[in-house]
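Novice: Here is how the chains run, residue by residue.
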Amino acid sequence: MAPLLEVKNLNYSYGNILVVKDVNLYINEGEIVTLIGANGAGKTTTLRTISGLTDASGVKGEIIFNGKNIQKMPGNKITSLGLCQVLEGRHIFSKLTVRENLLVGAYTRKDMDNVKKELEEIYTLFPRLRERMEQLGGTLSGGEQQMLAIGRALLGKPKLLLLDEPSLGLAPLVIREIFEAIVRIRNTGMTIMFVEQNSKIALETADRGYVVQNGQIVMEDTCKNLASNEEVKKAYLGED
Amino acid sequence: MLIQVVISGLVIGCVYGLIALGYSLIYKASGLMSFAQGDMLTLGAFLGYSFYGIFKLPFVISLVCVVLCMFFLGLFLEKAIIRTLLKNHVLPVYIVLATIAISYIIQNAAMLIWGTQTLSFPQIFPIPLVGVLGVKVQPEALFCILMSLVCMVALHIFMKYTRFGTAMRAAAMDATAARACGINVSFSTGVTWGLSAGVAATGGILLGPIYGVYTMLGAIIGRKGFSSAVIGGFGNMYGAIVGGILLGLVETCTSAYISSAYKDIISYSVLLLFLFVKPTGLFNEQALTD
Ligand SMILES: Nc1ncnc2c1ncn2[C@@H]1O[C@H](COP(=O)(O)OP(=O)(O)O)[C@@H](O)[C@H]1O
Ligand SMILES: [Mg+2]
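Those protein sequence lines, which keep their order, are chains A and B. Our numbering numbers the first residue of the first sequence as 1 and each following residue consecutively. Our numbering numbers the first residue of the second sequence as 1 and each following residue consecutively.
Chain A extracted, bound-state conformation (with noise of 0.2 Å):
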């Protein structure tokens, strides 16, 4: 069977400074993949361009999702195909409810029974979110904001979800609460892949994984390769 996403030789240019070189991956059914790299490397770079929020003219090569190429359709139509992303630094709409916020997210959803349906599951998948329902967006702490995002993407129905960077700014011991949903959200089914600077944890959560480097992928193997594999221990791992 076809990957459900596939990415050849990504391109993309902010102006005339190349930030992501022929990037070349792919997403199975089911999978949980991560993108892990240094900072500056390219990783929200390329997770951007796979959904349409950056500047169309920059990109260059084929984004094929769901055996459609998506790579000049808007951003906003790569959303309702359900491609979903939760965004680095997680986007809340500040001054909405954190219900309004979610609803927001089933904005291209048409039926609304199911949505409800959904929206109970998110409140039971983050307990904290059904007591806050009616607090802004903009109140939360960090942690509840990355709940709020992830909850958002899901209302969207994705057939693939995309999460960058889910532990920035976080405690450790949130990190550990958002990664436990991530897994509790993997074993539904769904195909996911994310992007991490937190290694350990990507390499832990992962089936599979990339390595990001200068806007290249110089690695590509399974997360228990990768996380055995001298160079990534010194370079991502921090262990010699």
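Just so you know, these hints were derived from the structure itself, not from any lab. Every residue gets a Cβ at the ideal spot worked out from N, C-alpha and C, and that includes glycine. Among the clues, some could well be false.
[Said to hold, decoys possible] Straight-line alpha carbon distances no greater than 25 Å define the calculated SDA-like cross-link-like pairs of lysine to any residue that follow: (1) A/K72 <-> B/L68; (2) B/K87 <-> A/S57; (3) B/K278 <-> A/T139; (4) B/K160 <-> A/M112; (5) A/K60 <-> A/N214; (6) B/K278 <-> A/N229; (7) B/K87 <-> A/G61; (8) A/K77 <-> B/K87; (9) A/K117 <-> B/R163; (10) B/K79 <-> B/K56; (11) B/K79 <-> A/S80; (12) A/K95 <-> B/S50.
[Stated by the list, open to error] Here chain B is said to cover these stretches of chain A; the calculated rule only asks that three of the stretch's residues, wherever they fall, bring their Cβ under 8 Å from a Cβ of chain B: (13) 85-95; (14) 103-110.
[As the list claims (entries may be wrong)] To give an idea of the chain B side of the interface with chain A (calculated C-beta under 8 Å), a few residues: (15) G134; (16) D174; (17) I183; (18) N184.
Starting from the known structure of chain A, fit chain B with the ligands onto it as the hints suggest.
Specialist: Positioned in the frame of chain A, the structure of chain B with the ligands alone reads:
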């Protein structure tokens, strides 16, 4: 006397509020100011005059036609001019300048189409005066207040309780996140400009029967509407309404109890006072840069 003053204060105040609403919507959605807001009011009044006074359509139909025409004009201006300039990455001040250009073009076009005379907008109601709390007022004045309030409430319900309204607010807060949620941000921004034009035009068709219709009708009202938006807290919908009504009342009270010669001195002094004492406006929008 007081009741009369309050009523005329509310009439003009509500219209300032409508204009201010437009300023706030546009500012929230695009981070810009449109100095053509006042001329949208003028154009609304002229179109209303044509539909109602010349083509003799029923008033309600005329109102709907005016709002629709102006909605599409606003949408068009955003798409054709504002968005094109934004794509060329010009400084925001150039775009504000472009709205000033649009303002003059509308004024001049209106002059060519409808002439330089003040046109009298035919009455909407069969009786010229009605009694309210012992004073006689034009029924159109009461209608203006009522319709403005209805318009504000309708807009509030639309923005707060409909899916598309919520999406518009979301897009105004964070365009990237909105796009990631599947919202067509360029469309929702266009609709915001359209709504602002429609709301301003409603002010024009409501004010026409009371003030008469002329090319400069909206010029001063537009500036006062801008002031109202600042007094209320620039970018805040509710602040815009309260700011408008407050400014309208200050102005008419000054005219009535001091002298109409001081009207603008006092109302602009109030504005300056707000800028110094409470730059965030009544409703505490962020007005301070870091
Ligand atoms: N809007 C932008 N304009 C110009 N350069 C940018 C922009 N955003 C990111 N970059 C550059 O692109 C490179 C990759 O950034 P990014 O994709 O955010 O990396 P990562 O997510 O891996 O930290 C960095 O060198 C960064 O400075
Ligand atoms: Mg990043």
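Novice: Determine for every hint whether it applies to the structure shown.
Specialist: Against the structure, the hints:
no.: 1; hint: A/K72 <-> B/L68; result: violated (33 Å)
no.: 2; hint: B/K87 <-> A/S57; result: holds (12 Å)
no.: 3; hint: B/K278 <-> A/T139; result: holds (24 Å)
no.: 4; hint: B/K160 <-> A/M112; result: holds (18 Å)
no.: 5; hint: A/K60 <-> A/N214; result: holds (17 Å)
no.: 6; hint: B/K278 <-> A/N229; result: violated (61 Å)
no.: 7; hint: B/K87 <-> A/G61; result: holds (23 Å)
no.: 8; hint: A/K77 <-> B/K87; result: holds (20 Å)
no.: 9; hint: A/K117 <-> B/R163; result: holds (18 Å)
no.: 10; hint: B/K79 <-> B/K56; result: violated (32 Å)
no.: 11; hint: B/K79 <-> A/S80; result: holds (23 Å)
no.: 12; hint: A/K95 <-> B/S50; result: violated (42 Å)
no.: 13; hint: 85-95; result: holds (count 7)
no.: 14; hint: 103-110; result: holds (count 5)
no.: 15; hint: G134; result: violated (45 Å)
no.: 16; hint: D174; result: holds (5 Å)
no.: 17; hint: I183; result: holds (6 Å)
no.: 18; hint: N184; result: holds (5 Å)
Of the numbered hints listed earlier, those contradicted by the structure are 1, 6, 10, 12, 15.
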